[in-house]
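**Q** Based on the hints, put chains S, X and P in the right spot on chain L.
These are the residues of each chain, in order.
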Amino acid sequence: MKLKIALFGIAKEIVGSSQLELEAPERQSVADLIAQLRAQYPALNALTSFAVAVNSEYAPEDYCLRENDEIALIPPVSGG
Amino acid sequence: MKLKIALFGIAKEIVGSSQLELEAPERQSVADLIAQLRAQYPALNALTSFAVAVNSEYAPEDYCLRENDEIALIPPVSGG
Amino acid sequence: MNIHLTDQPIDVAAVLASVQDEGAGAVNTFIGTVRNQSTGRRVVRLDYEAYDAMAVHQMRRVAEQAREKWPMLCQVAIIHRKGRLEIGDVAVVVAVSTPHRADSFAACQYIIDTIKQVVPIWKKEEYEDGSVWVAAHP
Amino acid sequence: MNIHLTDQPIDVAAVLASVQDEGAGAVNTFIGTVRNQSTGRRVVRLDYEAYDAMAVHQMRRVAEQAREKWPMLCQVAIIHRKGRLEIGDVAVVVAVSTPHRADSFAACQYIIDTIKQVVPIWKKEEYEDGSVWVAAHP
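So the protein sequences, as listed, match chains L, S, X and P.
Going by the working numbering, the first residue of the first sequence is number 6, and it counts up by one from there.
Going by the working numbering, the first residue of the second sequence is number 6, and it counts up by one from there.
Going by the working numbering, the first residue of the third sequence is number 4, and it counts up by one from there.
Going by the working numbering, the first residue of the fourth sequence is number 4, and it counts up by one from there.
So here's chain L without its partners, still in its complex pose:
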């Protein structure tokens, strides 16, 4: 399936784009997606942390992604 991933802040700078399209196996987990991104963009490993959001909620690592999910990479937030 095809996943679209929105990127923000330093993650957008690391990837060089505000959106990423990835080909992923059906029912790929959040943990797998994170591993795939870490391998593809090693600079992500230097971040304090990063999370994945699905449909505006923080997703647990064992969540299985679906093609129409609104996925975003969330580097360490610093609002306020």
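No lab work stands behind these hints, which were simulated from the structure alone.
There may be inaccurate statements among the hints.
Claimed, not checked - Each pair of labels, with its calculated beta carbon distance range:
| no. | chain 1 | residue 1 | chain 2 | residue 2 | range |
| --- | --- | --- | --- | --- | --- |
| 1 | P | P141 | X | R48 | 36 to 42 Å |
| 2 | S | Q41 | X | D92 | 35 to 41 Å |
| 3 | S | K9 | X | P74 | 39 to 45 Å |
| 4 | L | M6 | X | P74 | 54 to 60 Å |
| 5 | P | D92 | L | A51 | 29 to 35 Å |
| 6 | P | A105 | X | V47 | 50 to 56 Å |
| 7 | S | E18 | X | E67 | 30 to 36 Å |
| 8 | P | H103 | L | A51 | 45 to 51 Å |
| 9 | P | Q11 | X | D116 | 32 to 38 Å |
| 10 | P | Q11 | L | D67 | 38 to 44 Å |
| 11 | P | V47 | L | A51 | 20 to 26 Å |
| 12 | S | E18 | X | P74 | 41 to 47 Å |
| 13 | S | P47 | P | K72 | 45 to 51 Å |
| 14 | L | T53 | S | N60 | 52 to 58 Å |
Said to hold, decoys possible - Straight-line alpha carbon distances no greater than 16 Å define the calculated EDC-like cross-link-like pairs of lysine to aspartate or glutamate that follow:
| no. | chain 1 | residue 1 | chain 2 | residue 2 |
| --- | --- | --- | --- | --- |
| 15 | L | K7 | L | D37 |
| 16 | L | K17 | P | D50 |
| 17 | P | K72 | P | D116 |
| 18 | P | K85 | P | D14 |
| 19 | X | K127 | S | E18 |
| 20 | S | K7 | S | E31 |
| 21 | L | K7 | L | E75 |
| 22 | S | K9 | S | E72 |
| 23 | L | K9 | L | E31 |
| 24 | S | K17 | X | D50 |
| 25 | P | K127 | L | E75 |
We put the CB at the ideal spot given by N, CA and C, even for glycine.
**A** Chains S, X and P only, in chain L's frame:
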């Protein structure tokens, strides 16, 4: 010596005036003044507490009053 | 320090402006307003009486004590109203600015808590059927 | 609830007006502003980037959580700015009203502390000689 005592809030209502003039012995203490006022105006005994201020500071009970002190009776405060 | 006792409505925006500071990242403000009820009784309005000179002196002291406890405090404002107030009117505003936020909360809360203990201001609540000097009796 | 993300200057007076409540005797407000320095470096300006939909959703959630923890909460406002900000500009305003003051401090502090943990907004500090995404790296 003659003492002038400013009254506020419920103390003013109890005494029926915003200022009281008392004849007091030289070097009367705050504790003595309080005792004198409690005897003269028993309704003061029903208050949660009351303090005496001298020159805008809370005065300790053993402070000896002077004729030119600016004295005030401070019933329980309720500002804010 | 912006410390005042006033019988005029408090301009909250002006109080906030008075604690602006380029070195401050945090402003905490407490606003005390007149509620429509108190201990279950319907309040119609309030009258605040103050021992003016001592009240201002004590407010200033509380601000100085806060500065000793929180030396990083940038600006402090304490404005207290006196006279007759209606429901919703602002009775007191405390505003502090600090570099970081936790200090702004702690200092502002210390100031309002201490004001309520030491500043000689008395509140008389007026109900439809009487009135009470708040806290006067146990 | 008055929850917004905006690229326009925040009107603090309007935020305060939005939490007025006749049953509330206490309003606590936290205002986060842009400081002229950060970790010892001189800040020239800030850029805030937000994941808009999720940011608003998470701000709303934080407000709902506060309401669960403080059921007496009368009104809540959370306004966060995004885009380019200069020194002294207001980045965030949280305002809550409650019947009594201790709850207003606790609820307001909970909200701003939680916002800083969960709301997807990112701050880039611009210095004279570079820029840094705050908190990105250990």
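**Q** It remains to establish, for every hint, whether it holds in the given structure.
**A** Verification of the supplied hints:
no., hint, verdict
1, P141(P) with R48(X): 36 to 42 Å, "violated, 57 Å"
2, Q41(S) with D92(X): 35 to 41 Å, "holds, 39 Å"
3, K9(S) with P74(X): 39 to 45 Å, "holds, 40 Å"
4, M6(L) with P74(X): 54 to 60 Å, "holds, 58 Å"
5, D92(P) with A51(L): 29 to 35 Å, "holds, 30 Å"
6, A105(P) with V47(X): 50 to 56 Å, "violated, 26 Å"
7, E18(S) with E67(X): 30 to 36 Å, "holds, 33 Å"
8, H103(P) with A51(L): 45 to 51 Å, "holds, 47 Å"
9, Q11(P) with D116(X): 32 to 38 Å, "holds, 36 Å"
10, Q11(P) with D67(L): 38 to 44 Å, "holds, 41 Å"
11, V47(P) with A51(L): 20 to 26 Å, "holds, 25 Å"
12, E18(S) with P74(X): 41 to 47 Å, "holds, 43 Å"
13, P47(S) with K72(P): 45 to 51 Å, "holds, 47 Å"
14, T53(L) with N60(S): 52 to 58 Å, "holds, 57 Å"
15, K7(L) with D37(L), "holds, 14 Å"
16, K17(L) with D50(P), "holds, 14 Å"
17, K72(P) with D116(P), "holds, 14 Å"
18, K85(P) with D14(P), "holds, 14 Å"
19, K127(X) with E18(S), "holds, 12 Å"
20, K7(S) with E31(S), "holds, 9 Å"
21, K7(L) with E75(L), "holds, 12 Å"
22, K9(S) with E72(S), "holds, 8 Å"
23, K9(L) with E31(L), "holds, 14 Å"
24, K17(S) with D50(X), "holds, 14 Å"
25, K127(P) with E75(L), "violated, 25 Å"
Against the hints set out earlier in the document, violations occur for numbers 1, 6 and 25.
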